[in-house]
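*Asks:* Put together the whole structure using the sequences plus the hints.
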Amino acid sequence: MILKSLIHSIFAIALLSSAVAQASEPPYLQAQIDSGELPTLYERLPDIPAFGGTEHLSVGQYGGTLRLLMAKSKDIRMMTVYGYSRLMALDKNLQLQPDILLRLENEDNRVFTLHLRKGHRWSDGELFTAEDFRFFWDDVANFEPLSPYGPPQAMKVDGQLPEFSVIDDYTVRFSWKDPNPNFLPEIAGPSPLYLYRPAHYLKAYHPRYVSEEQIEQQVEDTNSKNWRKLFHNKARQYKFTNPDLPTLQPWYNTTAIPAERFVFKRNPYFHRVDREGQQLPYIDEVTIQLASSSLIPAKAGSGESDLQARNISMDDYTFLKSAEQESKKIKVLLWDTALGSQIAIYPNLNASDPQWRETLRDVRFRRALSLAINRHELNQVIYFGLARESANTVLPHCPLFDTSLKDAWAGFDIEQANALLDDMGLERGSDGIRRFADGRKLDIIIQTAGEKNEETDMLELIKDTWRQVGIRLYTKALQREVLRNRVFSGQAVMSVWMGLPNGIPTAEMSPASLAPTRQDQLQWPAWGRYAETGEGSPPDIPEVQRLAELNDAWTMSSNSAQRLAIWDEMLKIHAEQVYSIGLINGTLQPVVINPRLQNVPEKAVYNWDPGAFFGIHRFDTFWLKPEGAS
Amino acid sequence: MIRYLLTRIATMIPTLLAISVLIFIIIQLPPGDYLETYIAELESQGESIDPQKIAALRADYGLDKPLAVQYWHWISNFVQGDYGYSFEYERPVAEIMGDRLWLTIILSFFTILFTWLIAFPIGIYSATHKYSWGDYGLTFVGFLGLAIPNFLFALIMLYVANRYFGTSIGGMMDPEYLDQPWSWGKLKSVLEHMWIPMLVIGTSGTAAMIRRLRANLLDELHKPYVLTARAKGMSEVKNLTKYPLRMALNFFIADIGSLLPSVVSGAEIVAVVLSLPTTGPLLLAALQAQDMYLAGSFLMFLALLTVIGMLVSDVLLFLVDPRIRFQKASK
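These protein sequence lines map, in sequence, to chains A and B.
Counting from 657, one number per residue, gives the positions in the first sequence under the numbering used here.
Counting from 186, one number per residue, gives the positions in the second sequence under the numbering used here.
Just so you know, these hints were derived from the structure itself, not from any lab.
Keep in mind that a hint or two might mislead.
To be verified - Listed next, the in silico DSSO-like pairs over lysine-lysine satisfying Cα-Cα at most 27 Å (straight line): (1) A/Lys812 x B/Lys238; (2) A/Lys728 x B/Lys408; (3) A/Lys728 x B/Lys238.
As the list claims (entries may be wrong) - Across the chosen pairs, the derived CB separations fall in these ranges: (4) B/Tyr189 x A/Asn1109: 54 to 60 Å; (5) B/Ser443 x A/Arg1174: 30 to 36 Å; (6) A/Ala1133 x B/Ile210: 20 to 26 Å; (7) A/Gln870 x B/Gln265: 22 to 28 Å; (8) A/Lys881 x B/Gly370: 24 to 30 Å; (9) A/Ser1216 x B/Asp249: 54 to 60 Å; (10) B/Gly370 x A/Ser950: 26 to 32 Å; (11) B/Gly283 x A/Ser803: 29 to 35 Å.
All residues carry an ideal CB built from backbone N, CA and C; glycine is no exception.
*Replies:* Structure representation (structure tokens):
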């Protein structure tokens, strides 16, 4: 079996290298190649280029400039997100594939051996080798003055750092004593865990490699605060703010901030090729123009962007659609979003008022509240009926999805809700409002950050149906920081926020957001804080304790079947216990594109993680059909 | 005179200090700090950030120190010409402002010129033809400009320019010229875009100017010296420009004080609506993000210009208007 696949891949590589040998140079680079400034394609590509994931896409033509609009100069980091060149990257089916790496050996999530592509080069033509990893590990991450807190959090398992070793020029190894299942998702993330730095470039700013006087001089020349600031400013790989920093992304930045327009040029050493051996990307230049976020929909509508989803929302859809029909300069696609619930209501199980705390911890109460919401009405009124009525759980195209998760306590059933509340002994007064045993009325104040109109609109609709079960709802808009602090302290009984951040997880992704792990989980901030810092009290509800146990078990597990079972159980607990009341998910994201832009999927998921927005849809394979071509 | 100047300059220092404290307090008033806003912004797009990184950044930016320490750090450096460091841009403040300052000054210069060119003739005409149809008509137009909210007018002009002239929406020039050196094409593109902010900001200022010029001139026109000059047979035009108009210009000189800061700040709201690369949107964004050194230093800079502008106005009035000069001397 292994032999067969080996033969297979050798065959594929042989085919490919003959294809590369015949593939034409991008015309954009021809002049530089002719003048000898750049070596030929064969020398620029790694010995074995990355060629997967393009089977379903059309083979493009080189050329063109793609225009993007962004609101802030900091947003140019999106080019790292969209470009999505990672050591390991998710493909469109959310499976991890080697990308920058040739291959990766994983022993029980404990020992990871990374094999680089021989001959892979940075965008400035220098070789990308194990030295770049060593430089990062020894001279940046574990060099106290530069990283006072040590290597990134994601590299620690129970506070333990991995052992790092360089095997040869093209092989490095990270080994932990305990499994670190977050390691691979992190390096494949949209804002990835970087394990390397361009050593050849950055050594010029590092005190271990140059004399103090030289560094002093540079600090002075660049008007920097100190050498640490200077080094960090030069070394920001994710943010793209230093045009001189070599990159492994499909395009490199040529414009320093501050600027109003940024020009990204094709990386002549990019490691991916299409199925015919042509080097990617197809598009020569990407320009980013800054415009105020409120003008971006208007500009996109008049065809001033070739690919735009950022700063555009469903509110703009009708305008964009009419612009599409009128001018024919744009095409509007509707992609799915991946939040577990666009907006969810969080009962605070750590509320400081004992009466409320007890009531909110009663599952019957949470179920009754969920049943007393007419999600169909919300969908029709606010989302033109285009969204999906669902509990706060995974989405239908997620492999972990089950209809019972979506529908659990999410139907509209006033009768059953009333029955549950009656059962709890919450009697109605003469005005129809239910009362606690001590006579206080059940007036729920839901605290919102007041940042989205749809939030307040939805709560207004829910108010009517909750009234029918004898509960009065009031909303209170607070500044976001104040909101959080009130939830943390238990003053806020209930709050609204977005639902599960990732509605399309696979069992290989961490289920931490389902268990008490962070203080900013609004349904159990105190337990989250306990997990984070060890302060306060641990969860005292059996189901929540079970969630914490399952999360730990997932971290330690070494096989996929086990991880799948854990995910299933956790999702089921959430569905049954209604720790958050989901309303609507599957809302849509308009994507405005130039009608000439090819290889953009008609229907896809627009999401940060997993997804990297356009990243997993292979932004590097998008291409512009020449004008006039049919 | 020199004594007067010195005392004026001496009183400027406590004024500026008081302003600096106010600025600092007001920027710090909303809960949270720059990093909180930063995290919020990331989260609203679905991104997240390592809490450890935030802690490191907070220490790095000195946001964990008490307010008084932060204030002292800022103001003591400001005096030495170090305007601080922008969190948002990760650059020294001076570097970020410098770039936008030029475009702002150019735009403000043209806008002011535009306002004067319109307001002056109308003001003079209105005063000399008091209560005529022309006076009413022109004043009405001026008031229209004042009454239409700038942002609304700006939006309408954007639509018109894009729809009928095909100008790209917002900005100071077509995007392809942004990083190009100056050329005829670029200049043309700038002019194509500049007339909108010029018109919008300009019209809002004309009414006030027309009315003030008219009122001041009317006061003078009925003074006996005008009558005398007319009786002696001086031509109407010369009579007007030589005496009453000169007298009526005092308000104009007094205006220089407020003009100076506005040349640098540009009209913030219009600039935001039109997405102009001027300093206004920069200031607004900095305030929203609690990017305190950028916002603080910029506001401080404006305060400084206001104070200096006032001084310049006073000195000019002193030099230009003998009434003030002699009043002072006779004391």
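*Asks:* Run every hint past the structure and note whether it holds.
*Replies:* Right, here's what the structure says about each hint:
no.	hint	verdict
1	A/Lys812 x B/Lys238	14 Å, holds
2	A/Lys728 x B/Lys408	58 Å, violated
3	A/Lys728 x B/Lys238	21 Å, holds
4	B/Tyr189 x A/Asn1109: 54 to 60 Å	57 Å, holds
5	B/Ser443 x A/Arg1174: 30 to 36 Å	51 Å, violated
6	A/Ala1133 x B/Ile210: 20 to 26 Å	25 Å, holds
7	A/Gln870 x B/Gln265: 22 to 28 Å	26 Å, holds
8	A/Lys881 x B/Gly370: 24 to 30 Å	40 Å, violated
9	A/Ser1216 x B/Asp249: 54 to 60 Å	43 Å, violated
10	B/Gly370 x A/Ser950: 26 to 32 Å	29 Å, holds
11	B/Gly283 x A/Ser803: 29 to 35 Å	32 Å, holds
Hint violations for this structure: numbers 2, 5, 8, 9, all remaining hints satisfied.
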